[in-house]
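*Asks:* Residue-level listing of the chains:
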Amino acid sequence: MVQLQEVTFDELKHLVSDRALTGETMLLNMGPQHPSTHGVLRLMLELDGEIIVNCVPDIGFLHTGVEKNMEAKRYEQAEVMTDRLDYLNTIGNNLAYCLAVEKLVELDVPPRAQVIRVILAELQRIASHLIWLGTQSLDLAAMSMFLYCFREREIILDIFESVSGQRMMTTYIRPGGIWRDVSGEFVQLVQDFLEYFPKRIEQYEGLLTKNPLFIDRVKGIGVISAEEAIAQGFTGPSLRGSGVAYDNRKVRPYSGYEEYDFEVPTATGGDVFARYRVRMDEFWQSLRIIEQGLKKLKELDGAPVRSSNHKFVPPPRSEIGTSMEALIHHFKLWTEGFNAPKGYVYVPVASPRGELGVYLESDGSNKPYRIHWRTPSFVHLQALPFLSKGHLIADLVAIIGSVDIVLGDSDR
Amino acid sequence: MDEKLKNAIQAIRKDYDVDKLTFRGEYSMLVSPENVVDICRQLRDDFGFNMLSSLTAVDYWPANEPRFHVVYQLYSTENNITLRLRVQVPGENPKIPTIEKLYPNANWHERELWDMFGIQVDGHSDLRRILMPADWEGHPLRKDYPLGYEEVQFSFNAEEIDKKKPYVKE
Chain S
0 MVQLQEVTFD ELKHLVSDRA LTGETMLLNM GPQHPSTHGV LRLMLELDGE IIVNCVPDIG
60 FLHTGVEKNM EAKRYEQAEV MTDRLDYLNT IGNNLAYCLA VEKLVELDVP PRAQVIRVIL
120 AELQRIASHL IWLGTQSLDL AAMSMFLYCF REREIILDIF ESVSGQRMMT TYIRPGGIWR
180 DVSGEFVQLV QDFLEYFPKR IEQYEGLLTK NPLFIDRVKG IGVISAEEAI AQGFTGPSLR
240 GSGVAYDNRK VRPYSGYEEY DFEVPTATGG DVFARYRVRM DEFWQSLRII EQGLKKLKEL
300 DGAPVRSSNH KFVPPPRSEI GTSMEALIHH FKLWTEGFNA PKGYVYVPVA SPRGELGVYL
360 ESDGSNKPYR IHWRTPSFVH LQALPFLSKG HLIADLVAII GSVDIVLGDS DR
Chain Z
0 MDEKLKNAIQ AIRKDYDVDK LTFRGEYSML VSPENVVDIC RQLRDDFGFN MLSSLTAVDY
60 WPANEPRFHV VYQLYSTENN ITLRLRVQVP GENPKIPTIE KLYPNANWHE RELWDMFGIQ
120 VDGHSDLRRI LMPADWEGHP LRKDYPLGYE EVQFSFNAEE IDKKKPYVKE
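Each protein sequence line maps, in turn, to chains S and Z.
Numbering that gives the first Met the number 0 puts the first residue of the first sequence at 0, with every later residue one more than the last.
Numbering that gives the first Met the number 0 puts the first residue of the second sequence at 0, with every later residue one more than the last.
Be aware that one or more of the hints could be misleading.
When the alpha-carbon atoms are kept at most 25 Å apart in a straight line, the in silico DSS-like pairs for lysine-lysine are as follows [unchecked claim]:
hint	chain 1	residue 1	chain 2	residue 2
1	S	K102	Z	K5
2	S	K249	S	K102
3	Z	K19	S	K67
4	S	K310	S	K249
5	Z	K163	S	K72
6	Z	K100	S	K12
7	Z	K164	S	K249
8	S	K67	Z	K100
9	Z	K142	S	K72
10	S	K209	S	K249
11	S	K331	S	K388
12	S	K341	Z	K162
13	S	K294	S	K249
14	S	K102	S	K388
15	S	K72	Z	K5
16	S	K102	Z	K3
17	Z	K100	S	K366
From chain S, some residues computed to sit far from chain Z (all C-beta separations above 10 Å) [to be verified]:
hint	residue
18	S317
19	Y343
20	Y368
21	H390
Read the hints as simulated data drawn from the structure, not as lab findings.
Owing to the predicted nature of the structure, the values given are computational and were not obtained by experimental measurement.
Even glycine gets a Cβ: it sits at the ideal position worked out from N, Cα and C.
For reference, chain S alone in the conformation it holds in the complex (with noise of 0.2 Å):
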């Protein structure tokens, strides 16, 4: 048996003031079991009255190991755990675990499927700023548009279950493609919250952006300059509220993003308001993409979804009757997999929350060697000290909230 060892008040001593020890500063416990930490985490907070002088972010409670299971699972068995990590954004998980295999093993995937993956990677970058929107009003106590915000989700998961039979984990974009095509009902569907959504959009709007309550808690909190926020490694709505536009999608195009038309929307505070604006344009940016996409459906409607190269992607049902080799491949693939050329990969896709980059490295196997993501919330709950020190306690609760942290995001 293990000795338990404890972790003394020693060895964190050098993350706050000497007022601490004196007694001068309080220290304060916040989390892991606080709603507004938006998850499980700990922030061990000193404080000065109301202000916070320090404060040290403990992460890990929702630590899975899904790197080291990954390791020990076959490419296609592996993709089921993308979509634990973060449990907003799984079809963005999804695509960039995909794309990462698909550049590793030099695998094409057909246009109807490029188009599918991009419809569902927006409608799920609109679910995940829901969720967002939702929590931050409800952190500041607009309690009315988390239910408003859980209305419209609903319907987004709706959609999602339609095409996979799953509202949250889906799985179901795969190497060289998508699982099956999308059912019939599908474009009604996307077309019929294209229509119902910009009205809800306009409402939240006015709920919020010029209601004095909601301004006097956001504007002027949590400043970041723009090369700040570079050199802390901030990616996506959270770097664009500091005015750099920078976007993967716009920069590193990745599934046909280069063929859509839609800006990348930027805000110049660099403060908690200028963060809920941009994610409150890109609302309509995401729509955009959509709108444009459901027109690419139309004209490729009934072709392939998935590659027809079967070293990789198994066969569809009705060849292995009748054909030897599909037979064949669809045997190897189930019982083996497919071996990987050795090498090594570095995908960065542009998920809700920043840059997801998956890092894949292959020994030549049919399991990955070595796969790292790198997870925005990781990245932007380490800023949480800078942009927080000298703010108060409510202020702390908007800038958690305005960097869009999921747990399972950052502890993986």
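With chain S fixed as given, assemble chain Z onto it according to the hints.
*Replies:* Only chain Z this time, still in chain S's reference frame:
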């Protein structure tokens, strides 16, 4: 290949003895631990690599010299180019210098490196475990660290697995 990336790689190769590796259109440089801070500083100040995208390591156990590769993924927001540095670290007393002063977000990445691989980071301001509990034993992402369940012993690998059993340490 992007002209600016080419210049950066050429300049580094002129000053330091590094190997260039290419795979699937991505460029990596194999550098030794003592040069990594200087190379990072040069890349950041002269070639605009202002963002550290990702920092991780790969364990090549049972190889020992080098056992680990520490992988730095650098990105330049103005030039839109990316470059990877691979630092070779031996298995005995693995150690790298910190780049926290150049890229503040390396702080947590290097803590994760220590936590998951047991790679010592010299000069780090706060080298504690980050994801595992503070009193955890071992470094989970090392290849000689079992996945958690009991490994099944067969006659061909009984001895090999025996070496990894906890009672060997006692």
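*Asks:* Hint by hint, work out which the structure violates, then give me just those numbers in ascending order.
*Replies:* 3, 4, 7, 8, 10, 11, 12, 14, 15, 17, 19 and 20
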